[in-house]
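Student: Letter by letter, the chains look like this.
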Amino acid sequence: MTRENSLVSAQWVEENLGADKLVLIEVDEDTAAYDKGHIAGAIKLDWTTDLQDQVRRDFLNKAQFEALLSAKGVANDDTVVLYGGNNNWFAAYAFWYFKLYGHTDVKLLDGGRKKWELDSRELTADEVTRPGTTYVAQEQDHSIRAFRDDVVAAIGAQNLVDVRSPDEYAGRLLAPAHLPQEQSQRAGHVPTSVNVPWSKNANDDGTFKSDAELEALYNEVGFDENKDTIALCRIGERSSLTWFVLQELLGKKNVKNYDGSWTEYGSLVGVPIALGDEPGEA
Amino acid sequence: MCGATTGGLSLAGIDVAKEAIIQGQVTRSGEPVGGAYVRLLDKSGEFTAEVPTSATGHFRFFAGDGQWTLRTLAPRAEVTDRQVVAQTGQIAEIEIALV
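In order, the protein sequences belong to chains A and B.
Letter 207 of the first sequence, counting from 1, is numbered 207 in my numbering, and no numbers are missing.
Just add 282 to wherever you are in the second sequence, counting from 1, and you've got my numbering.
The shape of chain A in the complex, shown without the other chains (with noise of 0.2 Å):
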């Protein structure tokens, strides 16, 4: 994979905005966020209802995603085109998603809604409805998305990258820092975790840096290129930020994301936890 394939700019969605065979999504943490304004043509999806489980802390099931994208409209052979606020965050969620469910042409907007706003492109209020499809998914690829066990067995074994604020990483914050700070799990890091915030990714405006840039970023953390890497953040989202980043514009090599993430890990009973801005022993 690389930046050609995975990536779009704000300038060529505009260009493209109404082209066949494409489709935007937006997928916000803020899920009124598109009722309020979005990209002309494009369509919503919420994190909270359309992609989680609604009883059991889990993603949707094959036939509940075929289900939902044939509802939505979105057909097996779309350029699928997501885009959202807070950095991406959610959107590149839904990128890892789709990859998980094995949908061959998906991208990310560059940047995504920040970047839109803050380049004073046009948002619509407009009601976006597509005529149904017969959307078929793959069977859950899971050589990109990690489970607790992977996570306890990678300790001082593999890539571990922990993609929070450095307070939240240290043990300092429980979330980030938009939420309130009272949650039930414990705070810290796990063992072995290098502490490389999401943030370094990007650029002010949300836009990625450049290959070389990221290369530098975790270089500099010691990446080992011969090992298998976890990306976890809190729960899921911003760790698929960094996941795009590995798989999709560096071209690593079985990185997976960590969804259950700190939320899921910092709840474990007898796993452990490191305290402060070092990654901590094995």
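Simulated from the structure, these hints should not be mistaken for laboratory data.
Because the structure is a prediction, the values reported are computed rather than measured.
The beta-carbon is built from N, C-alpha and C at its ideal position, and this holds for glycine as well.
Everything hinted at is true.
Here are the simulated SDA-like cross-link-like pairs (lysine to any residue), alpha carbons at most 20 Å apart as the crow flies:
1. K325/B to P166/A
2. K325/B to G171/A
3. K200/A to T351/B
4. K36/A to H340/B
5. K325/B to N195/A
6. K300/B to Q185/A
7. K325/B to N203/A
8. K300/B to A175/A
9. K200/A to D363/B
10. K36/A to P357/B
11. K209/A to G327/B
12. K36/A to G317/B
13. K200/A to S326/B
14. K325/B to A175/A
15. K36/A to T338/B
16. K209/A to L323/B
17. K200/A to D277/A
18. K300/B to P180/A
19. K209/A to E328/B
20. K300/B to L179/A
21. K72/A to Q52/A
22. K200/A to E328/B
23. K325/B to D277/A
Pair ranges (Cβ atoms, derived):
24. G316/B to D20/A: 30 to 36 Å
25. G348/B to D77/A: 49 to 55 Å
26. E360/B to L217/A: 23 to 29 Å
27. D30/A to T309/B: 19 to 25 Å
28. T309/B to E15/A: 34 to 40 Å
29. K209/A to L291/B: 29 to 35 Å
30. V271/A to E377/B: 40 to 46 Å
Position chain B relative to chain A; hints supplied.
Tutor: Only chain B this time, still in chain A's reference frame:
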């Protein structure tokens, strides 16, 4: 403290005594700026969080004790940095005027 949220964002359901809150309003020429981006940087300058302002220009963070920087980005405005100190149980109120 009750007066701190006048016209701002609701604190309903949040235990203010346990949070170190930083909040405020972004304005330009005295008018509220909605849809600006306010980011919270930690004492080393590293990104910690970011929120778009509400229609009334308001924003809020739940930080930790200590020194923080608020960096504001908006269309056709210069990037504006403001220093702020947060403390658990208190609300730091910051007015940000864009130029």
